[in-house]
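**Student:** Note that the protein sequences, when read in sequence, are chains A and B.
Quick note on numbering: numbering that gives the first Met the number 0 labels position 148 of the first sequence as 147, and the sequence is numbered without any gaps.
Quick note on numbering: numbering that gives the first Met the number 0 labels position 268 of the second sequence as 267, and the sequence is numbered without any gaps.
Since the hints were derived computationally from the structure, they do not count as laboratory data.
Owing to the predicted nature of the structure, the values given are computational and were not obtained by experimental measurement.
Treat the hints loosely; a few may be bogus.
To be verified - For the chain B half of the interface with chain A, some residues (derived, Cβ under 10 Å), not all of them:
(1) 24
(2) 339
(3) 341
(4) 342
(5) 344
(6) 362
Said to hold, decoys possible - Each computed DSS-like pair below joins lysine-lysine, with the alpha-carbon atoms no more than 30 Å apart:
(7) 59/B with 151/B
(8) 178/B with 151/B
(9) 306/A with 243/A
(10) 330/A with 383/B
(11) 434/B with 383/B
(12) 325/B with 302/B
(13) 209/A with 325/B
(14) 226/B with 178/B
(15) 367/B with 209/A
(16) 378/B with 193/A
(17) 392/B with 226/B
(18) 209/A with 316/B
(19) 193/A with 367/B
(20) 362/B with 313/B
(21) 128/A with 358/B
(22) 302/B with 128/A
(23) 209/A with 314/B
(24) 330/A with 392/B
(25) 27/A with 306/A
(26) 128/A with 151/B
Ideal Cβ placement from N, Cα and C applies to all residues, glycine included.
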Amino acid sequence: MAKMKARGFQVFLPLSVLAILIFINLIKGADYFSISIIHGALYGNIPNILFGASELVILSIGMTLVTSSSGGQDISVGVAAAITSSVFVRILLSAGGITWMTILVAFLASCVVGIVIGTFNGALVAVFKVQPMVATLILYTAGRSIAFLIDGRLSPVIANGLTSQIGSVIPGIPIQTPIILTAVFIVLFAVLLKTTNLKLYSQAVGNNQKAARLNGINPVRIKFLTYMILGVCTAVAGFIAVTKAGRHDSVNLLKFVEMDAILAVAIGGNALGGGKFSISGSIIGAYTIEVLNRTLLRLEVDPEAIKAFKAVFIIILMVLASPVVRESAAKGTRWVRSRLGGAVQIQTAVGIDAAGLPKSDISAKREE
Amino acid sequence: MQGICKSFPGVRALHNVSFTLRKGEVHALMGENGAGKSTLIKVMTGVYGKDAGQILVEGKAIHFRSPQDAQDFGVGTVYQEITLCPNLTVAENMFIGRGRYAFVNWRRMKEETTRLLDSLGIPARPTQALSSCSLAVQQMIAIARAVDMDCKILILDEPTSSLDEDEVQKLFSLMRELKSRGVGIVFVTHFLDQAYEISDRITVLRNGEFIGEYDASSLPQFELISKMMGKALDDVSQMKKMKKHEPSAQDSGEPVFEATGLSSAAGVRPFDFTIRKGEVNGFTGLLGSGRSESVRAIYAADKVTGGEIKVNGKKVKIGEPIHAMKLGIGYLPEDRKGDGIIADLSVRDNIILALQVLKGFFKPFSRKQAEGFADEYIKRLNIKTASINTPIKSLSGGNQQKVILARWLLTHPEYLILDEPTRGIDVGTKVEIQKLVLKLAEDGVSVTFISSEIEEMLRTCSRLIVMKDRAIVGELTGENLTESDVMHVIAGGGE
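So here's chain A without its partners, still in its complex pose (with noise of 0.2 Å):
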């Protein structure tokens, strides 16, 4: 019961928020739900929104696991992201032939390198105790140019059949397939939940790392392995990200995804200093992003002036999250009730032992 309120009110303030935006929106224009068919899929804001926010609701995913049990952000995502979707564009273009086969061959083998990059990244964080920001922020300086090199040429393109069906839609599915894909991970990644102790022993490691290991909790372990999921996640990411563009420009793939996916963590009412989590909260605080994002675009605020609103956006949202405003609204409801208690007492006293007295019964009423 209190589990479910607490988590009730995680998620309820990216939800409303989420809420607000969205009637925003209709103020704007009414048809904002409306859904078009076009070539037999569907398009219209909402399917915008959850084809444009997969990659960032992928990211935030491994973003929660990895500030859970770390007690810190990875916040080279996004450049692990160009590096991943490098190796998968090389692959698919030296293959010869762009097959199902040789698509599948090259995401997998970028799920490695994913992999790979979250060893690294986890090494430093668990076993050289290194500071995750600071020990993500090497491969953050390092990683377009590794990405570059791996390409061996600016932007090479991707430009086919298949890969564009991946990016945008296949023929007969009515939905466009970056949503399919995310839905995919989403579930397959509750499965990943539901049948281990991943969720346990992240927030043990994460809330108390010197009483989780005395409960035979290997913490190096665990935080080595959350770094990896999140190497995973950055391939699937990179893999959505160049499949939907059709080429791959190392320098502005995903470009500062990886402060959304650190926000979009913190929306979700995740606290950054690790322990507990809710992946839920996540999800909904990535897909507000995305909402907010189109809003202001929609609003026809200048592109190059976006960030600036969105900023604002933020802050205001932040602080209503904050403890400090949680515990005074906590407060304030309280004293409501507590006023509108007293104010029955207080009539019930009075028709004890000071009857007749007409200003105390005013009093009362007024306070009712």
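Could you slot chain B onto chain A? The hints should help.
**Tutor:** Just chain B now, kept in the frame of chain A:
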């Protein structure tokens, strides 16, 4: 303080509690776990607001909005769990949060700290990191800090729970000194003898309610205990009976755990140790004698640097706690907050943690199974919690300890190590835990029990290993198990 009420979600922590502190007196605040002592103190010091009632200082009603507010009024506090910054130096801790200036005069700060430490006889250097001091010294530094702030009212929340007898006496003389200067001292403690030794008056709380205020000199100890527990004296007499109860440890039992030449990175000298099936033994010695470090070496909580270990006669290697767990060893650590609880996780997760880890990463308990375990042990150990999903950090200290105990009982260990399981716990729970230890031993579980209260160890253990300066200096069994024998061994050994 009059008619103080305070509730938390699901729990009414204080109901109509009154408390009066006079100038220049030591006033003991007593009660069992969850009686509301800590809550009352937090209201007193402005950490929590009050739901109803008023606080009067020198006849004037006041309202503390924050701890800073209370501090400015001359209310100084030293909490049960040390709330200083371990990674700062002693001097920094002494002055942190007190400066009204933007700049720090490091030299003066150091001098002042040295003077203060010297005047109170605290063995620490100002430039030393706080974490490198023992718990006892940290506690005394916290008190020194409060003293230095010229407080009119000094609140000591279980200051003696980690001090040895000598240090307690030092603290008491300090308290008497402050008393003569007109400081009113609120003294929260579980130690009855200490309460009688130092206090003028005693206020008793039970289940968040005010039971009464008494003159220490006119309240017999038995009556105080029964007032705290809210029961007739049955339980107390049971406690006495237990004293006579000779634990049924047979020297003939099979050795469950044997160590030879065991040493660890924490600096215990290589030691030999054996425990038999169904035996309750204990490590005793003053604080810092290495008793905790010894059991940590057994469990591989610290890095083991040498020695051989046999479990049930078979040679094994214990390099990590998980190895010990798999061999049926459980360990309740001394530092509950730092090593025991996973503060943000629920009572349920904290209870199932060890068993879940033993079961394996890929075999999580179903929600129903986990809840079943938690419910069973909450009932069995009578853990007071709003629900099984409450974060453990919002439970009182004694109930947190029971949760950790439940965690290990759930794994059905063959050998259970309990390091200070009764520290900071009320009389009733203490007796419960002692009974539980004896019951476990009867069922064939071997237990190593460590406690700062020697009398408690004499009651539960059939063999005591005496330590001094990180080495074993003697072993006592049978009729040699008396307080004076222990003192004798500590005094005589290891010169």
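**Student:** Hints first: check each against the structure and report whether it holds.
**Tutor:** Verification of the hints:
1. 24: 35 Å, violated
2. 339: OK, holds: residue 339/B within 10 Å of chain A, min 6 Å.
3. 341: This hint holds: residue 341/B lies near chain A, its Cβ roughly 5 Å from the closest one there, short of 10 Å.
4. 342: Given a least distance of 6 Å, the restraint on residue 342/B holds.
5. 344: 6 Å, holds
6. 362: The hint holds - residue 362/B has a Cβ within 10 Å of chain A, the shortest such distance being about 8 Å.
7. 59/B with 151/B: 15 Å, holds
8. 178/B with 151/B: Holds, at roughly 10 Å.
9. 306/A with 243/A: Holds. Residue 306/A to residue 243/A sits at ~23 Å (cutoff 30 Å).
10. 330/A with 383/B: 25 Å, holds
11. 434/B with 383/B: Holds. Residue 434/B to residue 383/B sits at ~19 Å (cutoff 30 Å).
12. 325/B with 302/B: 18 Å, holds
13. 209/A with 325/B: 18 Å, holds
14. 226/B with 178/B: Distance ~27 Å between residue 226/B and residue 178/B Cα, so the pair holds.
15. 367/B with 209/A: Given that 30 Å is the threshold and the Cα spacing comes to 28 Å, the pair holds.
16. 378/B with 193/A: 28 Å, holds
17. 392/B with 226/B: Roughly 28 Å separates the two Cα atoms, so the pair holds.
18. 209/A with 316/B: 21 Å, holds
19. 193/A with 367/B: Between residue 193/A and residue 367/B the Cα gap is close to 13 Å, so the pair holds against 30 Å.
20. 362/B with 313/B: 29 Å, holds
21. 128/A with 358/B: 29 Å, holds
22. 302/B with 128/A: OK: residue 302/B and residue 128/A at ~18 Å, within 30 Å.
23. 209/A with 314/B: Holds, at about 27 Å.
24. 330/A with 392/B: 21 Å, holds
25. 27/A with 306/A: 21 Å, holds
26. 128/A with 151/B: 45 Å, violated
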